[in-house]
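The whole structure should be built from the sequences, with the hints applied where relevant.
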Amino acid sequence: MRVFIPLPYDRIMRFDLHIHSCLSPCASLEMSPQAIARRAREVGLDGIALCDHNSARNAPAFAEVCAQAGLAALHGMEIATSEEVHLTTLFDTVEAALLMSDWVYTALPERLNQPEVFGDQAVVNADDTINAFEPRMLSTPTRWRLCEVVAESHRRGGLCIAAHADRPSFSVHSQLGVLAGDEGFDALEWTIHANRNACRKQLGDWPGLRGSDAHTLEAIGTVWNEATLSAFSVQAIQDALKAGGVRLFPA
Amino acid sequence: MTLSDLLAACEATAVVAPDAQVSVSRAYTSDLLSDVMAHAPEESVLITIQNHLNTVAVATLVGCRAILICHGRAIPEEMAAAARSEQVAILTTPINQFEASNRIGSCLTTQGHARVHSVAV
Numbered sequence: 001m002r003v004f005i006p007l008p009y010d011r012i013m014r015f016d017l018h019i020h021s022c023l024s025p026c027a028s029l030e031m032s033p034q035a036i037a038r039r040a041r042e043v044g045l046d047g048i049a050l051c052d053h054n055s056a057r058n059a060p061a062f063a064e065v066c067a068q069a070g071l072a073a074l075h076g077m078e079i080a081t082s083e084e085v086h087l088t089t090l091f092d093t094v095e096a097a098l099l100m101s102d103w104v105y106t107a108l109p110e111r112l113n114q115p116e117v118f119g120d121q122a123v124v125n126a127d128d129t130i131n132a133f134e135p136r137m138l139s140t141p142t143r144w145r146l147c148e149v150v151a152e153s154h155r156r157g158g159l160c161i162a163a164h165a166d167r168p169s170f171s172v173h174s175q176l177g178v179l180a181g182d183e184g185f186d187a188l189e190w191t192i193h194a195n196r197n198a199c200r201k202q203l204g205d206w207p208g209l210r211g212s213d214a215h216t217l218e219a220i221g222t223v224w225n226e227a228t229l230s231a232f233s234v235q236a237i238q239d240a241l242k243a244g245g246v247r248l249f250p251a
Numbered sequence: 001m002t003l004s005d006l007l008a009a010c011e012a013t014a015v016v017a018p019d020a021q022v023s024v025s026r027a028y029t030s031d032l033l034s035d036v037m038a039h040a041p042e043e044s045v046l047i048t049i050q051n052h053l054n055t056v057a058v059a060t061l062v063g064c065r066a067i068l069i070c071h072g073r074a075i076p077e078e079m080a081a082a083a084r085s086e087q088v089a090i091l092t093t094p095i096n097q098f099e100a101s102n103r104i105g106s107c108l109t110t111q112g113h114a115r116v117h118s119v120a121v
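These protein sequence lines are chains A and B, in that order.
For the first sequence, the numbering used here gives the first residue as 1, with consecutive numbering after it.
For the second sequence, the numbering used here gives the first residue as 1, with consecutive numbering after it.
Be careful, since some hints might not be right.
Stated by the list, open to error - Partial list, derived from the structure: chain B residues whose beta carbon lies under 8 Å from chain A: (1) 32; (2) 36; (3) 37; (4) 50; (5) 52; (6) 57; (7) 58.
Said to hold, decoys possible - Here are the computed distance ranges between Cβ atoms for each label pair: (8) 80/B to 245/A: 36 to 46 Å; (9) 20/B to 192/A: 43 to 53 Å; (10) 216/A to 78/B: 32 to 42 Å; (11) 112/A to 21/B: 42 to 52 Å; (12) 61/B to 115/A: 39 to 49 Å; (13) 94/B to 148/A: 15 to 25 Å; (14) 111/A to 18/B: 34 to 44 Å; (15) 61/B to 168/A: 13 to 23 Å; (16) 180/A to 20/B: 21 to 31 Å.
Don't read these hints as lab results, they were simulated from the structure.
Every residue, glycine too, gets a C-beta built ideally from N, C-alpha and C.
Printed below as a string of structure tokens:
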């Protein structure tokens, strides 16, 4: 099932590719797909992507809600590699995201979540009712190496982005110090705080994106990107990134 | 202390050892390479579990002479290849970073070298 909304003509789309839902233990329980979609519409976003930690189990509800709300959507997760670098990986379809999620689960430690310590991991339906609680501990690095995650994302037709590249924790910068330039990311994602000129020295020139990494509703719309896209798809975004056609807000 | 001293102190195995007589006079313990880049001293051994290619790049940048990968983590082939080309030693040990820091610290103190720089992560 392809769930993105085909655009009648090329137009400028405003999008944020890094939003967490209530499945992420560290995200607010208010982050239900309906609430996320409502907030995204309020702040004027046209396209959004769901990136929960190491799991795409809320992708089905998210896709349904976005389609109802007239929002374009991509589906994925934020994977913690064995180096403790966070990478987001995004797909056109819910099915592809769920298959990637299964691959990630094979490399999660055999530990159960402790909701009282780490927070709840709610798997929800499109009407915001809770379907289940994910028992596996999602707030932990997988055994997959960074290079394996990048390769697997691309093999399955997804985007792979180095999340919050400027952050002092769980980023390519904090964990790996420098980049060689051949890591294969489609882009580096910058937080609202990033000084991109300072980061360029250590990380090199990469296509960039702003990502809200929203764990609360208020964070949605604090940063975004704009590009002229023929569709809100992995291919169109990859093309725009390669062509330098993505504008970041704030710049 | 020499590479041979390090191997003996930490029950380590040499994966890449360009020169067994290379000597280290300091040590630094960290798993965050941004931190290593900012603080690790020259002529040191880096005690870490960060078994990534970039560990070699950062070690070369700051002048670390050896990398001790702790807790039995495997060395990826591209990391070993980079170390051979950069002439940086890579050792692996089953012991953890604390134990390795402790043992190396004792050796360096006995030999009158500078202190171990330790950073918790």
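Against the structure, the hints come out as follows:
Against a cut-off of 8 Å between C-beta atoms, the interface hint on residue 32/B holds, since the closest Cβ of chain A lies about 5 Å away. Contact between residue 36/B and chain A, as hinted, is supported at the beta carbon level, the nearest pair being about 7 Å apart and thus within 8 Å. Checking residue 37/B against chain A by beta carbon gives a least distance of about 5 Å; that is within 8 Å, so the hint holds. Satisfaction of the interface hint for residue 50/B is found here, the shortest Cβ-Cβ separation to chain A being roughly 6 Å, below the 8 Å cut-off.
Annotation: residue 52/B was flagged as interfacial toward chain A, and the flag holds, the nearest CB pair being 5 Å apart, inside 8 Å. The beta carbon of residue 57/B comes within 6 Å of a beta carbon in chain A, closer than 8 Å, and the hint placing it at the interface holds. Taking 8 Å as the C-beta contact cut-off toward chain A, the hint placing residue 58/B at the interface holds, the least distance being around 5 Å. Checking the proposed 36 to 46 Å range against residue 80/B and residue 245/A shows it holds: the Cβ atoms sit about 40 Å from each other.
The supplied range of 43 to 53 Å is met by residue 20/B and residue 192/A, whose beta-carbon atoms lie about 50 Å from each other. Between residue 216/A and residue 78/B the beta carbons are some 39 Å apart, a value that agrees with the proposed interval 32 to 42 Å. For residue 112/A and residue 21/B, the Cβ-Cβ distance of about 50 Å falls inside the hinted range of 42 to 52 Å, so the restraint holds. In this structure, residue 61/B and residue 115/A meet the distance hint of 39 to 49 Å, their C-beta atoms being roughly 42 Å apart.
For residue 94/B and residue 148/A, the Cβ-Cβ distance of about 24 Å falls inside the hinted range of 15 to 25 Å, so the restraint holds. Under the hint 34 to 44 Å, the C-beta atoms of residue 111/A and residue 18/B, about 40 Å apart, fit the expected range. For the pair residue 61/B and residue 168/A, the beta carbons lie near 19 Å from each other, so the given range of 13 to 23 Å is met. Here the CB-CB span from residue 180/A to residue 20/B is close to 29 Å, well matched to the stated 21 to 31 Å.
In summary, the structure agrees with every hint in the numbered list given earlier.
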